[in-house]
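Protein sequence lines correspond, in order, to chains Y and B.
Following UniProt numbering, the numbering of the first sequence begins with 1 at its first residue and continues without gaps.
Following UniProt numbering, the numbering of the second sequence begins with 1 at its first residue and continues without gaps.
Treat the hints as calculated values from the structure; they're not laboratory data.
Hints may be right or wrong, so weigh each one.
[Stated by the list, open to error] Mimicking DMTMM-like on lysine to aspartate or glutamate, the simulated pairs with C-alpha atoms at most 25 Å apart in a straight line are:
(1) Y/209 / B/227
(2) B/116 / B/78
(3) Y/209 / Y/154
(4) B/209 / Y/227
(5) Y/240 / B/227
(6) Y/209 / B/190
(7) B/240 / B/227
(8) Y/116 / Y/86
(9) B/209 / Y/229
(10) Y/116 / Y/154
(11) B/209 / Y/190
(12) Y/240 / Y/15
(13) Y/240 / Y/227
(14) B/240 / Y/227
(15) Y/209 / Y/174
(16) Y/116 / Y/85
(17) Y/116 / Y/78
(18) B/209 / B/227
(19) B/240 / Y/229
(20) B/209 / B/154
(21) B/240 / B/15
(22) B/240 / B/229
(23) Y/240 / Y/126
(24) Y/209 / Y/229
(25) Y/116 / Y/104
(26) Y/240 / B/229
(27) Y/209 / B/229
(28) Y/116 / Y/174
(29) B/209 / B/174
(30) B/116 / B/50
[As the list claims (entries may be wrong)] Footprint (simulated), chain B over chain Y, 3 or more residues, beta carbon under 8 Å:
(31) 213-220
(32) 226-238
Think of the CB as a built atom: it goes at the ideal place given N, C-alpha and C, for glycine as much as any other residue.
Below are the chains, spelled out letter by letter.
Number of protein chains: 2
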Amino acid sequence: MHFTSEQRLDDGVLEREFTLGEIPGILWTSGSAPAPLILSGHNGGLHKREPRLVARARHAAAQYGYAVAAIDHPGHGDRPRSAVDERARADLRRAMAAGEPVDEIFESFVVPLVEKAAPEWRATLDALLTLPEIGGPVGYAGMTAVGIRLAVLEPRIAAAGFFAGGYVPRAQREEARQVTVPLLFLLQWDDAGNPRQRALDLFDAFGSKEKTLHANLGGHAGTPWFEADDGNRFFARHLK
Amino acid sequence: MHFTSEQRLDDGVLEREFTLGEIPGILWTSGSAPAPLILSGHNGGLHKREPRLVARARHAAAQYGYAVAAIDHPGHGDRPRSAVDERARADLRRAMAAGEPVDEIFESFVVPLVEKAAPEWRATLDALLTLPEIGGPVGYAGMTAVGIRLAVLEPRIAAAGFFAGGYVPRAQREEARQVTVPLLFLLQWDDAGNPRQRALDLFDAFGSKEKTLHANLGGHAGTPWFEADDGNRFFARHLK
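Here chain Y stands alone, though its shape is the one from the complex (with noise of 0.2 Å):
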């Protein structure tokens, strides 16, 4: 793992940008003491500066005193995309152009991200652990299906908030069996490109003894920022 920036921001936080191997990342600390870690993982097609991501990173980092942690998946962010990938790309919008069914077309592009970012994940989260200013425990907070698989194959993950804002592949949806670790699960109630009663389901379907769902009113986008704070309280309750 380098670093290959580093930055004191204005709230006291230290952003430094890494590389490890071809994984291009970003750890938020506040602190030298060994702190809790939060694996920030954003939504499929979007790039670990995304402006959102990094408020509540920040935020998780600034109030909280969480490590954070920022990954570009592979065909994502800073990273190039096959001809694969953006033939995947243009499928879908077309397909949601023509108003076609999608599922399809999420599954082909989905299952090969989860089960290349799972393993990346991992190596990140062996590399932060070996420094002194993480201390663990882990917790993972973002995308569903990543975190599903993560949460299946990596037994560090202490706890996690699911957002339920893209397409879970069904190996994941069975899977979901499997999680035990305590969850938050985030639900936006008219999140358009997410059947409601698909991501009800699913919550249903976590092995998890303590999970938590919270829906709130609004589209995708419009999650709103008192569920960060009530995030990191989630993981303040766990990785302690």
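Got chain Y sorted already, so can you dock chain B onto it with the hints?
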């Protein structure tokens, strides 16, 4: 309004019992400066001294500085039960034991409760707001059926937390569209007596532009304690 007892508790909260005509109630306060008021509407069959209700009220007063009031509704707690009340309760027990449908019994039972309780809350509110240590604004937290009626009738209610844990009459399910205050709707995912889909439909029906659903695993009495804090923070956003 007559205060009939006064006790300073070990958390510093002043607990005063009062009567207002036939209505017995309790007021919890933690200071002398005008505080926002929360009307704590406990569930149908419970007493204003129900331990979880008292614990939540004291916590809201001690930790958040709210004034909190609870009253016994007609036929509940310290108040006499009519022969009609007793018969409805007996019918309900018999039907539940026999596994028979209970909606019509609940309807016969809860409709008059709601009709009587909402004006009693308004009279209690009139009296409480004359006290110098209560400044408003006012929130309601508790039983959904009474809360819907009160939120529709009473413009001084600025925010409401409803527990989807009891029967809501057809009239209040219709009235839900007229509820427009910010809303926190609490649901127990496995509440045997309260069909989940009916609660989700009710959440959907509320007219409020800002409404949040919190659902937790477990049965009717299994609401985790952290929801008390979440409720207090919800009110902190809306009662300032």
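Status of each hint after checking the structure:
Between the alpha carbons of residue 209 of chain Y and residue 227 of chain B the distance comes to roughly 16 Å, so the proposed pair stays at or under 25 Å and holds. For the suggested pair residue 116 of chain B and residue 78 of chain B, the alpha carbons sit about 16 Å apart, so the restraint of at most 25 Å is met. In summary, the hint linking residue 209 of chain Y to residue 154 of chain Y is supported, as the alpha carbons are separated by about 18 Å, within the 25 Å threshold. The hinted pair formed by residue 209 of chain B and residue 227 of chain Y meets the criterion: a straight-line CA distance of about 16 Å does not exceed 25 Å.
As the CA atoms of residue 240 of chain Y and residue 227 of chain B are separated by approximately 19 Å, the hinted pair is consistent with the 25 Å bound. Our distance criterion of 25 Å between C-alpha atoms is met by residue 209 of chain Y and residue 190 of chain B, whose separation comes to about 12 Å. Distance hint between residue 240 of chain B and residue 227 of chain B is fulfilled; the C-alpha atoms sit about 20 Å from each other, no more than 25 Å. The straight-line distance between the Cα atoms of residue 116 of chain Y and residue 86 of chain Y is roughly 17 Å, inside the 25 Å bound, and the hint therefore holds.
The suggested pairing of residue 209 of chain B with residue 229 of chain Y holds, with an alpha-carbon distance near 20 Å, which does not exceed 25 Å. Restraint check: the Cα-Cα separation between residue 116 of chain Y and residue 154 of chain Y comes to about 14 Å, which is no more than 25 Å; the hinted pair holds. With a C-alpha separation of about 12 Å, the suggested pairing of residue 209 of chain B with residue 190 of chain Y holds against the 25 Å cut-off. The hinted pair formed by residue 240 of chain Y and residue 15 of chain Y meets the criterion: a straight-line CA distance of about 23 Å does not exceed 25 Å.
For the given pair, residue 240 of chain Y sits about 20 Å from residue 227 of chain Y by alpha-carbon distance, which is consistent with the 25 Å threshold. A C-alpha spacing of about 19 Å is found between residue 240 of chain B and residue 227 of chain Y, which places the hinted pair at or below 25 Å, so the restraint holds. Restraint check: the Cα-Cα separation between residue 209 of chain Y and residue 174 of chain Y comes to about 17 Å, which is no more than 25 Å; the hinted pair holds. Restraint check for residue 116 of chain Y and residue 85 of chain Y: the C-alpha separation of about 13 Å stays at or below 25 Å, so the hint holds.
Distance restraint check for residue 116 of chain Y and residue 78 of chain Y: the Cα-Cα separation of roughly 16 Å lies within the 25 Å cut-off, and the hinted pair is therefore satisfied. At most 25 Å may separate the alpha-carbon atoms for a hinted pair to count; residue 209 of chain B and residue 227 of chain B meet this at roughly 22 Å. Proximity of residue 240 of chain B to residue 229 of chain Y is assessed by CA-CA distance (about 18 Å); at most 25 Å being required, the pair is judged to hold. For the suggested pair residue 209 of chain B and residue 154 of chain B, the alpha carbons sit about 18 Å apart, so the restraint of at most 25 Å is met.
At most 25 Å may separate the alpha-carbon atoms for a hinted pair to count; residue 240 of chain B and residue 15 of chain B meet this at roughly 23 Å. This hinted pair checks out: residue 240 of chain B and residue 229 of chain B have alpha carbons roughly 17 Å apart, not beyond 25 Å. Annotation: proposed proximity of residue 240 of chain Y to residue 126 of chain Y holds, straight-line Cα distance about 20 Å (limit 25 Å). For the suggested pair residue 209 of chain Y and residue 229 of chain Y, the alpha carbons sit about 22 Å apart, so the restraint of at most 25 Å is met.
Restraint check for residue 116 of chain Y and residue 104 of chain Y: the C-alpha separation of about 19 Å stays at or below 25 Å, so the hint holds. For the hint pairing residue 240 of chain Y with residue 229 of chain B, the CA-to-CA distance comes to about 18 Å; that is within 25 Å, so the pair holds. Simply put, residue 209 of chain Y and residue 229 of chain B have alpha-carbon atoms about 20 Å apart, close enough for the 25 Å limit, and the pair holds. Between the alpha carbons of residue 116 of chain Y and residue 174 of chain Y the distance comes to roughly 18 Å, so the proposed pair stays at or under 25 Å and holds.
Taken as a hint, the residue 209 of chain B and residue 174 of chain B pair is honoured in the structure, with Cα atoms around 17 Å apart against an allowance of 25 Å. This hinted pair checks out: residue 116 of chain B and residue 50 of chain B have alpha carbons roughly 21 Å apart, not beyond 25 Å. Remark: the stretch 213-220 of chain Y is confirmed as covered by chain B, as 5 of its residues place a Cβ nearer than 8 Å to a Cβ of that chain, reaching the required three. Coverage of the stretch 226-238 of chain Y by chain B holds. Counting CB-CB distances below 8 Å, 5 residues qualify, and the rule asks for three or more.
Comparing the model with each numbered hint stated earlier shows that all of them hold.
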